[in-house]
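First to last, the protein sequences are chains A, B and C. Here the first sequence is numbered in our numbering, starting from 425 and rising by one per residue. Here the second sequence is numbered in our numbering, starting from 280 and rising by one per residue. Here the third sequence is numbered in our numbering, starting from 312 and rising by one per residue.
Below, a sample of chain C positions facing chain B; criterion: calculated Cβ distance under 10 Å:
| id | residue |
| --- | --- |
| 1 | G324 |
| 2 | L341 |
| 3 | E345 |
| 4 | I355 |
| 5 | D381 |
| 6 | V398 |
| 7 | R423 |
| 8 | L424 |
Pairs of lysine-lysine, PhoX-like flavour, derived with a Cα cap of 20 Å:
| id | chain 1 | residue 1 | chain 2 | residue 2 |
| --- | --- | --- | --- | --- |
| 9 | B | K451 | C | K332 |
| 10 | C | K336 | B | K451 |
| 11 | A | K490 | B | K308 |
Hints were generated in silico from the structure; no laboratory data involved. Here a beta-carbon is modelled for each residue, glycine too, at the ideal position from N, C-alpha and C.
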Amino acid sequence: MTGMTVIVKTITRWTAALIFLYGAYMVLYGHLSVGGGFAGGIILACSYVIMILAYGGKETIHALPKAIASRLDSVGALAFLLLAVFGMFVGGSFFSNWVRDIWRGEDFHVFSAGIIPLANIAIALKVCVSLFLIFFILASLRMPKKGDKIEFHAEEVD
Amino acid sequence: MNIDLHTLLPLAIAIPLGMGFILPLLGKKLTRLADTLATLATALLVCLSVLLLIGLHQAGKPQVYWFGGWSVTASGTVFGINLVLDGLSALMLVVVAVVSFAATLFSTRYMDRYTARGKYYSLFMLMITGMNGCILTGDMFNLYVFLEIAAVSSYALVAFGCERDELEASFKYLILGCVASTFVLLGVALLYAQYGALNMAQLGQRMSMVAPGRGSILALLLMLSGLGVKAALVPFHAWLPDAHPSAPAPISAMLSGVLIKAIGVYAIIRIVFNVYGFNDQLGMALMVLGTLSMVVGVVMALNQWDFKRLLAYHSISQIGYVILAIGLGTPLGILAGLFHLANHAIFKSLLFLSAGAVDYRTGTRQLEEMGGLAQRMPSTARSSMIASMSIAGVPPFNGFFSKLLIIIACVQAGRWGFALWAVIVSILTLASFMKVQKYAFYGQLKAKWAQVKDVPLIMRCSMALLALLCIAMSLLLIPGLKAVVLDSARDALVQGVDGYRTAVSALLGAGS
Amino acid sequence: MVYTLCLLLFMIGLYGVLTQKNLIKIIIGLGIMEYAVNMLLIMIGYRHDGIVPILEAGMDVKKFMATAVDPLPQAMVLTAIVINVAVLALSIAVAMRLYQKYGTYDITEIRRLRG
Chain A
425 MTGMTVIVKT ITRWTAALIF LYGAYMVLYG HLSVGGGFAG GIILACSYVI
475 MILAYGGKET IHALPKAIAS RLDSVGALAF LLLAVFGMFV GGSFFSNWVR
525 DIWRGEDFHV FSAGIIPLAN IAIALKVCVS LFLIFFILAS LRMPKKGDKI
575 EFHAEEVD
Chain B
280 MNIDLHTLLP LAIAIPLGMG FILPLLGKKL TRLADTLATL ATALLVCLSV
330 LLLIGLHQAG KPQVYWFGGW SVTASGTVFG INLVLDGLSA LMLVVVAVVS
380 FAATLFSTRY MDRYTARGKY YSLFMLMITG MNGCILTGDM FNLYVFLEIA
430 AVSSYALVAF GCERDELEAS FKYLILGCVA STFVLLGVAL LYAQYGALNM
480 AQLGQRMSMV APGRGSILAL LLMLSGLGVK AALVPFHAWL PDAHPSAPAP
530 ISAMLSGVLI KAIGVYAIIR IVFNVYGFND QLGMALMVLG TLSMVVGVVM
580 ALNQWDFKRL LAYHSISQIG YVILAIGLGT PLGILAGLFH LANHAIFKSL
630 LFLSAGAVDY RTGTRQLEEM GGLAQRMPST ARSSMIASMS IAGVPPFNGF
680 FSKLLIIIAC VQAGRWGFAL WAVIVSILTL ASFMKVQKYA FYGQLKAKWA
730 QVKDVPLIMR CSMALLALLC IAMSLLLIPG LKAVVLDSAR DALVQGVDGY
780 RTAVSALLGA GS
Chain C
312 MVYTLCLLLF MIGLYGVLTQ KNLIKIIIGL GIMEYAVNML LIMIGYRHDG
362 IVPILEAGMD VKKFMATAVD PLPQAMVLTA IVINVAVLAL SIAVAMRLYQ
412 KYGTYDITEI RRLRG
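Working from the sequences, and respecting the hints, build out all of it.
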C-alpha cells in the first residue's frame, strides 16, 4: 500500500478537509434536509479513504490508529443505544423523543427535533470509523503473488 | 412496584445489543471479565424470558409495545413499529435464552483455542439480538432487518477460525443466505406495493378484505423461498451440511439449535398463519416440504462418518418433522410441531456441544477414529447418550413424546402416508444414532485416547444442564404446565389473521 | 414498464450469481441483485409530478401531503443499503482470505467439502 504521485498528494491535502466538512454538514442538517447519519458517515469515511489511497496506509494510520478506531466504533454504537434506553426512563417508551420533551427549540432550525440530530451524530461516528477500519484492513491483507507458497495455517490480521 | 409487562419487552433486544457493543471494548486483556459479563447477560435473558412467559399467562392477553410512543391512530392508520408478545413469541424467547446460556457457558473454555474473544462475544450477542428481535417484532420490514442482523453475524461466526474449510463453508452460506434475504426483501416490497402497509396486523387485515391477487401470491412464494433457505428446508438446504460442522462447537449449537428456528421456521409460520391466513393448499405445500426434508436429511445422514456433519443432516430431518406437523393445520398438529421445535433446540444443541467436547479433547471429528471414549469421558458420554435417546425417540425423554404427538396428529387428520413416512424416518434416526454411540463412545478404547481427560467443569455443567432439560421437558405435557407454555403458543397460531389483528389493537378493526 | 426493467435487472444479477465461476464475479452479481431490489422499492413510492418529501418553512401541510413522494420506501432503501454494505464487506473479506488459502478465486477448485 504505497502512496501516489506528488500531484495526487497535493490535491488530496487540499480536498480531504473539505470533504470532511461536507460530511459533517450532511450529518448535522440531517433532520432538515437530505442526508442524515448514514450518508454523512460514509462521506466522512471517504475523506479518510482518500488519504489512504493518496498517502498509503502507514501515514494515515497515524491520523486514526486502529486501537482508537475500534474503541470509537463501540462508543458510537453505545451512545446510540443509550439515547434510546434513556427514552424508556425519561420519556416513557424506548426510543421516544425525550430531548424534544425537555427542550423543544424552534422548528426548521438546527437545534430542534430533539433526539434526531444526536442520533445522527452517533451513527455517523460509528459508520465513519467502521468503514475506515474495513477499508484499511482489507487493503492491508497480504495477498500471495504468483509463485508464492500457499500457507495452510490461520493468519490473524485482527 | 408495579411494572407493566409490556415495558419489559424492549429489554430483550436492548440487553444483548448493549452487551454486543460493550464486550469488544474489553478486548484482549480482560477476557475473564468478558466471559463473566457474557454469562451474566445470557443468564439475565433467561430470567427475563421466563418472567415474560409467566407474566403473559397471568395477564391472559398478548402484550404489545409501540416504539417511541407512536401508535395506532383513531382512524386505524398504523404509524409506529411494535413488539408483540404472544404465546408463540414467549415460548421461542425462552428456548433461545436457554440455549444461548448453555452455549455461552460452554464457550468460556472452548474458545481458548481461538483468539479475538471480544469480537466473538460481540458477534454472538448480535446474533442473539437479531433472533430476539425477529421473534418479538410485529412489523414486516423490521422482521427483515433483524433477520439480516442475525444472519450476517452468523456468516461471520461460521468463518471465525479462518481455516480453509471454515472459509469455504462461510462463503457458500453467505451467498445462499444473501440471495435468500434479497428474495425476502423483494417479497416485502411487493406486499407494500400492493397493500400499502408494513405492520403485520394491518397487512393481515387488508389482505383478508380482498381475494389474494397475483402480487400477493408471488410475494408469498418469494418469501417462502427466502425463509426456506434460512430454515434449511430441502430444496434449499445445501449450505447447512457445510456451515454447521465448520463453525466452532458452541456456534454450531446455536446455529442448529435456535437460529434456523428463530429466523426460518418462526418467520414462516408467523407469516403463513397470522398475515396470510392458513388454507389447505399452503398446508399441503408445507407438508410436502416437511416430508421431503425428513427423508432426504436422514438418508444422507446414514452415510456420514463425520460426527458434526451427521448431526447437521439430522437437523434438516428434524426441522422437516416440525414443518410437517405445522402444515397439518389442526390444533393437535400445531401443538406437536411447536413442542418438537422446543425439544429439538435442547437436544440438538446438546449433541453439538458434546461433539465439540470430544473435538476439544481428541482433536478429531471422524467417527472411525474415535472409540471407547465413555471410559475416559464419562460425563460427556452420559449427556450424549441422553441427547441421542431423545432425538431417536426413546421414552421417557422429550423426543419420544413430541414425535408420538406428531404421528398421532397425522393419523387423526387422516394423513396415513405422512404418518408412515414419519415412523420410517424415526426408525432410521434411531439406527443412525446407535451407530454414533457405538463408534464414538462405546466399543474398544483406542490406544491413542488412553490419556484423554474429560472436559473442564464449566463445559460439563452446561451439557448437564441441557441433559436435565431433556428429561424435564417431557413434564411439559402435564395439563397445568401445558396450559402455560404450549397451549398459549398454539392458540397464538390457531387464532389466525383476525385474532392476531384484534390482539394487536382494537382500533385496527375499523375500516382502513 | 419500469418494474419489468427492475425485475429484469434482478434476473441478470441472479444469473450472475448462479453461473459465474470467479468469486468476485459472484459478489458483483449479488450487488446487481441488491441494486435492482432497491430501485424497485424506490419506484414503488413514486407519485406523478411529486415533490421531495421535505417539509420547508411556510409550506401548507395538506398540499404537501397531497403531492409529496412517499418517504417510507426511501427509509426502507436506506436500511437495505446499510445491510448490503455490511454483507459486501464481509463477503469480500472472506473471498480475500480464501485467495490467501487456496491461491485461486475459481470456485471449481475450492471444493474440499463434499458429501
